[in-house]
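Residue strings, one per chain:
Protein chains: 2
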Amino acid sequence: MTRTELKVLILCVGIFPLLLTIYNIGKCDLTVEDDRILREEVSSHITNEFEASVGFQPRVAQAYNHAKRTNPIKYEELECVINGDYSVMGRKEGKDVYMPFSFIQNYFEVYGSLETSDGYERFSFHHSYQDTFPSGPQPKYQPSGVFMSFDQYSVEDRNRVKCVSGIEGVPISTQWERKGHYYPIQIAQYGLSHYSKHLSQPQSKEKVLEDGEETDLSDWLLPDRKSEIRGKMDDRILMDNGVVEFQATTNQKNSGICRSTKEKRLLTLSMDIMFINNGSVTVLIQTGDGNLYRIHYVLSDNIIKLEGKDLYYGIGSHKKGKWIHLTRQVMVDFQKGLTLRFSKNRSNKIKSAAHIAGICVRGHGIMDNVTLRSHAHKDLFFDAADYFVRHQDSEGGWPVKVTRKLIPGVMELEPGWYSAMGQGQAISLLVRAYVASKDRTYLETAGKALNIFDIPSSEGGVLAKFLNTYDWYEEYPTTPSSFVLNGFIYSLLGLYDLKEIAIGRTREKAAELFEKGMRTLKAMLLMFDSGTGTFYDLRHITSGLSPNRARWDYHKVHIKQLYILVELDNDPLFYNTLERWKGYMKGKPAPHN
Amino acid sequence: MTRTELKVLILCVGIFPLLLTIYNIGKCDLTVEDDRILREEVSSHITNEFEASVGFQPRVAQAYNHAKRTNPIKYEELECVINGDYSVMGRKEGKDVYMPFSFIQNYFEVYGSLETSDGYERFSFHHSYQDTFPSGPQPKYQPSGVFMSFDQYSVEDRNRVKCVSGIEGVPISTQWERKGHYYPIQIAQYGLSHYSKHLSQPQSKEKVLEDGEETDLSDWLLPDRKSEIRGKMDDRILMDNGVVEFQATTNQKNSGICRSTKEKRLLTLSMDIMFINNGSVTVLIQTGDGNLYRIHYVLSDNIIKLEGKDLYYGIGSHKKGKWIHLTRQVMVDFQKGLTLRFSKNRSNKIKSAAHIAGICVRGHGIMDNVTLRSHAHKDLFFDAADYFVRHQDSEGGWPVKVTRKLIPGVMELEPGWYSAMGQGQAISLLVRAYVASKDRTYLETAGKALNIFDIPSSEGGVLAKFLNTYDWYEEYPTTPSSFVLNGFIYSLLGLYDLKEIAIGRTREKAAELFEKGMRTLKAMLLMFDSGTGTFYDLRHITSGLSPNRARWDYHKVHIKQLYILVELDNDPLFYNTLERWKGYMKGKPAPHN
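Protein chains in written order, with the numbering used here: chain A, 48 to 640; chain B, 48 to 640.
The set of hints was computed from the structure by calculation and includes no laboratory data.
Just so we're clear, the structure is a prediction, and the values are computed from it rather than from any experiment.
Any given hint might turn out to be false.
Identical copies look the same in the list; a pair holds intra-copy or inter-copy alike.
As a list, the in silico PhoX-like pairs of lysine-lysine whose alpha-carbon atoms are at most 20 angstroms apart [what the hints assert, rightly or not]:
1. Lys452 / Lys142
2. Lys244 / Lys187
3. Lys607 / Lys633
Same shape as in the complex, but just chain A (with noise of 0.2 angstroms):
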C-alpha cells in the first residue's frame, strides 16, 4: 500500500480500527487473486496467440484493462546516465529498469506508434519502414515486364518535379538546378513507371467527347458569330476518319469553342489536333469553392506560367501545322500551377475538390478523338521513350545539364556528365518501346546508348575501375569514383534488357557489358554490407571519408533488385545477401565474433 494510503488510513485508525482493518485485508486478498487470475491470462494469451498474430481477443483485452484498473503498479522515477554523457528518465519496477522509447527511437534510430484495435491499445515497434517483402517466388524478370516495383512510383508527382513539359511530354526535375532540367533518369523513370502502370492496371475508362464521327456538333457552344466548327473527312492519305474542324479567334480572353461537362473520375485528356494558324486548347477546372480555372495548352516555348486562374502550358511553338497527339493528366498539371502559388498542402487540397468542367478550343485547326479516361499509361510512356529518341547525342548519351556535387569540393560532376544508371534506364525504357511498337527506332537508339559504358569517367565517361580491376558504370561518374550500387544495378538492368532484345552486334556488346559488369557485382557487392544495413556508395574507401550508410529507402532499394538478380543469376551469393540484407530491416545483424 502506497504512503498516501497510509497517511488516510492513520488519520481513520483512530476511529474505526475494526472497520478499516477488515476493509484493508479484504482489499489486499482482492488484489492478490485479480493479480494471480490476470498474469496467467496474460502470459499464456503471449505465447499461445501473440507470436503467430497481432489481432487480439476482445476477451483479453479486457483482462488487461481489468489490470490496469485494479493493480497500481510500484514504480519510481530512474535517472539513466547514457554513456556517461547525459541523462534521460527512465522507470524502475524492483530490479526492473525501463527506458522511455523517446530516447530509444533517436538514439537508435528505430521507429514506433500506438496503435488500437478491438478497443485494445499496444505499441508497434519497429526496426525500419516497410519492412516487409513479397513472400514466395516472385514473378521471373522480363524484359518487356513490370519494371521492378515501378508500378508503385508516382514520378510526377514528386515535390521535385517542376511539372510534366508540354513541349516534350516528360517531367522537369528541379533536382540540384532551382530554374529545372530534362535529368534523363527521372525521365527514364517516368516513362518506366507507366509501362509498368499499363501492364499492371486494369483497362482505363473513357468518356469520348469527339470522335468527329457524328453531324451533330450542337455540344459545342460558338463564343460569336464569328466562329465556326464543322464535320469533315480526314485528309491524311489512306485514312476513312471523321475529324471536326473549328475556327475561332485565338484570343485567351475569348472563352473559345467549348464543350461543357462535369467530370471528377476521367482526369485524363488525350486528343489528336492540328493547329492550321495559332490556337490553343483550354481545360476548364472547377474548383470546391466555385472557382473557375483555365489550363490553357498553347502553341508556346514558355513552360508553365500562372497569371490569375489562367495556367498556361507551352506545346511548343514549332507544332503549328503538324498532327499532335495531346495526351495530358490534367489535375497534374493543375497541381503543378497551384504550387506556383500555394503550398503543397493548400494545392493538394484545391485540386482535391476540383473537377472538370469542359473543354475548348481557339484558333483555326482540326480536332479528333478527344476523350476524358482514367489513365493514359501508354501514351506518356511512349512520351518517355521518343524524348530519349529525340535528344540522344552524337555520343549516344544523355548529358546531364547542371552541377552534381556529390561531396562539395570531392565529389563534383560539371554539367554535362552521363550517367550509367541514365543511360541503362532509358535502354529499358527503351527496349520496352521496341517490343511494345515493334518499331526498330527505339532499339538502335538503345543500342547507341552503350557506347558511353566504354568511356572511363576520367574521359567524361561512365566507366570506373575498381583497383585497375573491376569494371564499374557510375551513375554518378566522379574522380575519385563513388561507386553508387543502386545505379550500378539499374544500369545493369539496362544491358540485360537490351542483350535479351537485341540481336547481332548490338546483342554481343551488350551482352558483354552485363557479364562484366557481373562480375565485377559479385566481387564488390559485400564491400556494400555494414553488417547491420547497406552502404550507398563506397565513398568511404575512395575518399577516406566516413561511410555513407543507406537509409532503409535505399536499403530497401538494393533489396528490390536482388530479388531481380537472384531472378537473372544462380550465384548463391545474391539470394544469401538478400535474405541477410532482409534481416537487418528487422534488427537482425550479422554475427560479431
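With chain A fixed as given, assemble chain B onto it according to the hints.
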C-alpha cells in the same frame, strides 16, 4: 490520488467529512507545490550539472526521493509488438511509452547496470564496454618503449594458457589444440607484456634467501647425516663470487635441504643453479586450510604433472651440468597445477589464501642468488625473447604446429603455417631485447624473420595481395585471404620497430616492407569501417559469406592501434578514423544519406 486512496477516503468521508476535506485539501496543495519546486531543481540540475559529470549532490538526490513519494502518475502495462514478430511488456504513462531494458539490452547489444552513489541510485547505460580512452596527447610510440597497452595484459593468467613451460620458459597455449602447443603470438605477447611491465611498474621488492657470501649456512636444514651444504668460491673464470654447494638424496619423498620462510607478497622465485648430477628444486606452498603442496622443478622433459600434493614442472633433462638462471612465478605455477584437478574458481581460491613456506634443493649441485621478489619481468621477457632465438627455423619463421579453421571448410590452415602477426610481434620483442641487452643476436634473429613477409600465402608464406595491387601481411594466411585488420597492423608495428633500430640491409628491407604495408593500410582501412563499428576481417568480401563484425574488444584494439598509427604517420585518415571509431563506442554512427 490513486483509486485505493479514494476507496479509503470514501469509507471515512461518511463519518468525518470536514476533517477529511481539510486533510485532503492540505495534502493536495502540498503535493502541487512540492512538485513545482522539485521539477525546477531536477531540470536545472540535469542541464547544468549532469551533462558535465555523473557525480551527484545529496540535496538533489533528496529531491528525487521526495518526488517518488508524492507524485502518483497514471502508469499502465503496455504490450509492445516487436517488428510484428513477438511482443514484450512495456509501460505507458500518459502518452509516454517505456520499454524494458531487458529487451533493449538483448535487441541492441548494449549494456547497463544500477549503480548507487551519494545514497542516490541511477542506471548507467553503455553502448559498449570499456568506452573510455586516454584524452590529450599520447606518449610517442617508441621501439624501445611500452608496447601499446600490453602492460595491462597478463597472458599467463589466461584460461587458454596451460602453464608456463619450465623447459622453454614460455606459456603453452591450448587454443585450437587441447594438448597444448607453443603459439608464437602468445609467446611474443607474454614477452612484450613483461617488457612493458618492467618499464611501467615500480622496482621489484626482494628478499635474498641465499647469496653465497655468508659463511653461516645454518638456515638450511639437512634432512639426514648423508646430506651436506657448504660455501665455496664460484669457479667460473674471472669471477670473485661466493656460491653454495649442496649434496643430498635425489629422492622426491625425501624433503631435501630446506630453508623455511613465510612469504605472502614476494611470490616470484629466481636463482642461479647448476646440477652436477640429477637433482631438483622444490617450493613449499602452505594453503589457507593448512595443506602443504610441493612444486618440484625437476630435470625432466615432462611439462607439468600433479600427483596428490606434489606438482612437477620439468625444466629439461639437457640442463644437467649447466648453470641455469631459473625464474618462476610460483603462484602462477601453483594455480595452473591446481586447475589440472579443480575448477578455475576453486583453484584461484586455494591460491589466493596460500603462501610460500620454504625452498628445498636435492641431488648434487651449486646454487647462488636464491631470491624471492615481487616480480621479475625482465627475466621473463628475456625468457620469451630467447625462445624466438632458439626456435627460428631456416626460413626465418616460427611455424604454428596446429590446424586453424577460420571458417571450417572455407578458410583453413594446416599445421606448419606462419603468421605475419607472429613474425611481427616476435620482431617487436626481439628489437626490445636488443635495446635492453645490446646483444646483436636478437637483432639478427629479427632481421631473418623478414623473409617470411615476401612469401605468398599460397606458397606457405604470409603475403596476400588485394586484387593484385596491395600487399597485405596475413595473421592467418588463408586462401581465400581473410585480411584480419589487427594482425596486419601488429605486423606493421614489428616492421616499424625494426626499421627504426636496425641498420644497413635489414633496415632497408624492414622499411620497404613497412612502406608497402602502410600504403595498403591507407587504401584498405575503411573497408573495415561498418558505419557503426568495425569488421574483424574481410571474409565477407573474399568468401561471399556474412560479414564478421568485430566485437567491442577487437574494436577497441583497432582504436588502440590507431592511436599509435596517428603517432607514426600524419595522414589525416588515421586521426579522422580514430575519432569516428571512438564515437561508434558511444553510439554515434556514421551519417546516412
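Against the structure, the hints:
1. Neither within a single protomer nor between protomers do Lys452 and Lys142 lie at most 20 angstroms apart by alpha-carbon distance, with minima of 53 angstroms and 42 angstroms respectively.
2. Taking the shortest alpha-carbon separations for Lys244 and Lys187, only the intra-copy value of 17 angstroms comes in at or below 20 angstroms, while the best inter-copy value is 65 angstroms.
3. Proximity of Lys607 and Lys633 under a CA criterion of 20 angstroms is satisfied intra-copy only: 16 angstroms inside one chain copy versus 33 angstroms between copies.
Checked against the numbered hints listed earlier, the structure breaks hint 1 alone; every other hint is satisfied.
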